[in-house]
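Build out the structure end to end from the sequences listed, making use of the hints.
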Amino acid sequence: GNSVTQMEGPVTLSEEAFLTINCTYTATGYPSLFWYVQYPGEGLQLLLKATKADDKGSNKGFEATYRKETTSFHLEKGSVQVSDSAVYFCALHTGGFKTIFGAGTRLFVKA
Amino acid sequence: NAGVTQTPKFRILKIGQSMTLQCTQDMNHNYMYWYRQDPGMGLKLIYYSVGAGITDKGEVPNGYNVSRSTTEDFPLRLELAAPSQTSVYFCASSYSTEADTQYFGPGTRLTVL
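First to last, the protein sequences are chains A and B.
Be aware that the first sequence starts at 13, since it is given in the numbering used here, and climbs by one per residue.
Be aware that the second sequence starts at 4, since it is given in the numbering used here, and climbs by one per residue.
None of these hints come from the bench; they were simulated from the model.
The hints are all genuine.
Here are the simulated DMTMM-like pairs of lysine to aspartate or glutamate, each with C-alpha atoms no more than 25 Å apart in a straight line:
id, chain 1, residue 1, chain 2, residue 2
1, B, Lys47, B, Glu82
2, B, Lys60, B, Asp76
3, B, Lys47, A, Glu54
4, A, Lys110, B, Glu62
5, B, Lys47, A, Glu20
6, B, Lys17, B, Glu82
7, A, Lys110, B, Asp41
8, A, Lys110, B, Glu75
9, A, Lys80, A, Asp67
10, A, Lys122, A, Glu54
11, A, Lys64, A, Glu88
12, A, Lys110, B, Asp59
13, A, Lys68, B, Glu101
14, A, Lys80, B, Glu101
15, B, Lys47, B, Glu101
Sample of chain B residues with no beta-carbon within 10 Å of chain A, all distances over it, derived:
id, residue
16, Arg14
17, Thr27
18, Gly54
19, Gly56
20, Ser72
21, Thr73
22, Thr74
23, Pro78
24, Arg80
25, Gln88
26, Thr89
27, Leu113
Since the structure is predicted, the reported quantities are computational estimates derived from the model, not experimental observations.
Beta carbons are placed, not taken as given, at the ideal position from N, Cα and C, and that holds for glycine.
Put into structure tokens, the structure is as follows:
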């Protein structure tokens with residue numbers, strides 16, 4: 013069946029460090045891929061998406077490229093800020109009402 | 004525009020007690036969802052609704068009931084709480100079935116002792 017695996021956290025970085033959060037997936041067909049972010053005390057919100065192979069999603073300095081050959085959708089940011097501290101969820105959607113979420117990766121950014 | 008609101012934020016229940024988790028959205032979305040997230044796991048779909056009066060089971064519906072009498076409200080009922088229902092519960096709503104249109108509430112952390 014379809015599944016999403018993302019790196020375990022927490023990830024702790026200093027401000028201005030480079031961020032990578034790994035995400036790999038297993039899916040039949042051609043899923044859309046997403047990264048959601050959950051800030052403390054808030055609900056999940058969409059960060060970026062990619063709907064087909066080689067698409068790059070980007071938002072707020074974050075990027076992720078849909079790699080079909082490696083079944084990956086790694087999240088990257090060149091220079092993190094304290095305000096990026098949150099939990100990040102990778103997800104895939106193949107249609108209908110079911111979205112498959114990863115377990116989430118907590119990011120702490122120190123000043 | 005409050006988006007999706009959930010109450011309560013936290014709750015501790017004893018085994019066998021019942022409770023209702025409330026969820027309200029003010030975006031006039033037809034689709035609403037309940038998810039649970041267990042420690043170290045991704046979100047799992049419990050129930051969903053495509054409009055007032057229409058609900059259906061998701062991946063993990065056992066032990067839960069839902070109703071949808073209005074577009075705005077989608078309460079989740081636990082009848083006989085069990086320790087296995089200790090989890091964080093998220094409500095979401097959307098205007099289509101595409102995953103990038105879902106708006107989430109802040110979650111309810113439930114502990115059953």
